[in-house]
Amino acid sequence: MSKCSIGLLALSSLFLSGAAIAQEKIKVGVTATLEGTYTVLGEDGMRGHQTALNVLGKKIGDKELEFIVASTDATPDSAVRAVRKLIEQDKVQILLSPLSGDEGIAVKNFAKTHPELTFINAASGAQETTYVDPAPNFFRYNMDGAQWQVGLGKYAYEEKKYRKIATVGEDYSFIYTQVFGLVLEFCGAGGQVTNRQWVPLGTKDFASVIAALPDDVDAIYLGLGGADAVNFLNQYQQAGGKAHLMGGSIMIDQTILSSKGNAKNALIGTIAASGQADTWEDPGWQKFVKAYQDAFPPNKRFPSPSLLATNYYDSTMALILALRQVNGDLSNNQAKFREALAKIELDAPNGKIKLDSNRQAIGTNFVTEVVDDGKGALFSKVVKVIPNVNQTLGYDPAVFSKIGLPSRTVPECKKY
Amino acid sequence: MSRFVERHPAWALVTIIAVAVALWLIFAVWPPGLEEAIGRKRVFLNAVFNGITLGGLYFLVASGFTLIFGLMRNVNLAHGSLYLFGGYVGYAISSSTGSWILGFVVAFILTALVGVLLQVIVFRRMEGQDLRQTMVTIGLSIVFADLMLWACGGDFYQIQTPNWLIGPIELPLVTAIKSSGEPVYLRYPMVRLVIFIASVIIGVAMWLALNRTRIGMIIRAGVDDRDILAATGVRIQLVFVAVFAFGAGLAGIAGVVGGTFQSLSPGEDIRFLLASLVVVIVGGMGSIPGAALGALIIGLAEQLGSVYIPTYAIVVTFLIMVLVLAIRPQGLLARR
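In order, the protein sequences belong to chains A and B.
Using our numbering, you'd call the opening residue of the first sequence number 530 and step up by one each time.
Using our numbering, you'd call the opening residue of the second sequence number 1215 and step up by one each time.
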């Protein structure tokens, strides 16, 4: 009997201490596309996340952060499923999610059903996520796809003298947003976009798409990512394609530039725009690149962090810094924490980032050109740095709202 | 053929007209009105060729699947895993030795060996238990997928096309006439043509082997009635192992082909399993000519769909499957 009660006592004390430890932890759920077309993007995003933890540490005052990772496949339902699992089963208090455009819209809408939790966007870049009916508990520290294209249209028109271009892109919200940004600026400068082709995410056989590319244009813009981009380039090489290329933000990115095989060489000289540039000389950026390289052995990472690694790094950084400001205080439906998130100004590796009233990032954009480093590795070289890019791309908000939401056909090719 | 015309004169007429229209579309120079209505001939021709070559790849995967099903009534849902496994092996061999051809040979042998193991260890233990086999192979395909993810990572691999196959060749098909009166010929990626020709050769060889050789006769007899065949003294288990090995090896070869003109990554196994399921459902379970026809139809539907109705391209494939299931549930070329 006494044995039994001692046992019970020991057991209950174990539970109690367990509860005590649990109180000192702040649980954060993270999602990344670790399956499907965007696997490589998700993996590098997680590397960026890990780099941030290496640099900043996991301690928040006397509490410690605990991260629980769930995998998605870039479809909105997979993202909602993962987030729901993290909330309901793992009881996370904060979410760092999601990675891809359509996922972002779905998670933002889902965030409204959990007003007591806080969502920090990890890397998704569809415009609609924060522009249309934003959720008060959803914060985005990366720019959207259109902001990431700022500077490209003008550069193509004025420096490269491209007059007519055609676009090929994956058929979903992020690429719509990218093409939106490109078309607004390129057509605003006087250029023409003659043809916009859309292919389903996860297309493997691009041969017919390549055949349908118009040949009376000066350049072809590619808004593809992950496995799709590699497949396209490989088949483009086999078909003997020779056109000038322009690239979207996840097309001209280490996820593609360091893929195996030599099809990627078609990209040398390609102009693009993104929230980062591999060879930027800024000391903050160089320090981040070094931290990323030191965190993983060379065969387990890219030569330089991809846009996804940078975005995950920035959002993890915002999470940790804001939590430290309030000393891990998540009481009163996380009100203090949210206030800190909204006000925080990040000194991120890819330039200063602050949030607007929709909790959407205002940041720095880069126009780049792909160069060969002489040893067969490709990097994006800075051509132009554009600070303070906001979500309305410098347009008056009233004018901007008349353009319409990014879609297959919006915006029209004209000057707004 | 003549019996078909006698029995279904209306269908025969429709078929002849369709073939004539298709031939005209391929060989004639398109009048300007037609180009305006449905786009340039180059695009159409490319889509048709791509559909046919993609069909060649689907045929390679699906023929092994249908052969195994036809003889053993095994629904091997780990077939897609064999495809991906063959692809990874082909990548490892061709990137380390630099020989594309050697990649095919080794991929064939290794996936055939995996096939033998599957047959001996798994299928022989549960002969005739369809549901159990299906469940076990689904389980195995998940295990294989995770093992391959563990070994190769989530990265996508591309098997390097040998230099002599890179780039396009000109085909003697006129796509347009320049204003100077000079004809423009169709340029088409060489590697796809070579792969297509190879798959036709494999298909014809398989058909000949099945219909003209002793072992083919045994296999066909086995498809019709296993028990009687076994009673005549044929060592049926040996035949099963051989057929399973060959079918698996074909999937391995297909993996190398797929890795060359598309790419290899986790998830491809499921995609090709699904594709071969659709192909054999359309063509008829267990029939090699059926697999060829099904592969051609699905390949063409995917490619023409992606050009002319890009938004609904994915739906077209399944629409065809639904139609076939509704009208001819046994498949287009099934015997029973």
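Check the hints yourself; a few may be wrong.
What the hints assert, rightly or not - To spell it out: a stretch of chain A is covered by chain B in this simulated footprint if at least three of its residues, at any positions, have a beta carbon under 8 Å from a beta carbon of chain B; those stretches are:
(1) 719-730
(2) 758-766
(3) 788-801
Claimed, not checked - Partial pick of chain B residues on the chain A-facing surface, computed with a CB cut under 8 Å:
(4) Gly1368
(5) Thr1375
(6) Val1521
(7) Ile1523
(8) Pro1524
To be clear, the hints were calculated from the coordinates, so they are not data collected in a lab.
We treat Cβ as the ideally placed atom computed from N, Cα and C, and that holds for glycine.
Quick rundown of the hints versus the structure:
no. : hint    : verdict
1   : 719-730 : holds (count 4)
2   : 758-766 : holds (count 5)
3   : 788-801 : holds (count 5)
4   : Gly1368 : holds, 4 Å
5   : Thr1375 : holds, 6 Å
6   : Val1521 : holds, 5 Å
7   : Ile1523 : violated, 12 Å
8   : Pro1524 : holds, 6 Å
In this structure, the one hint that does not hold is number 7.
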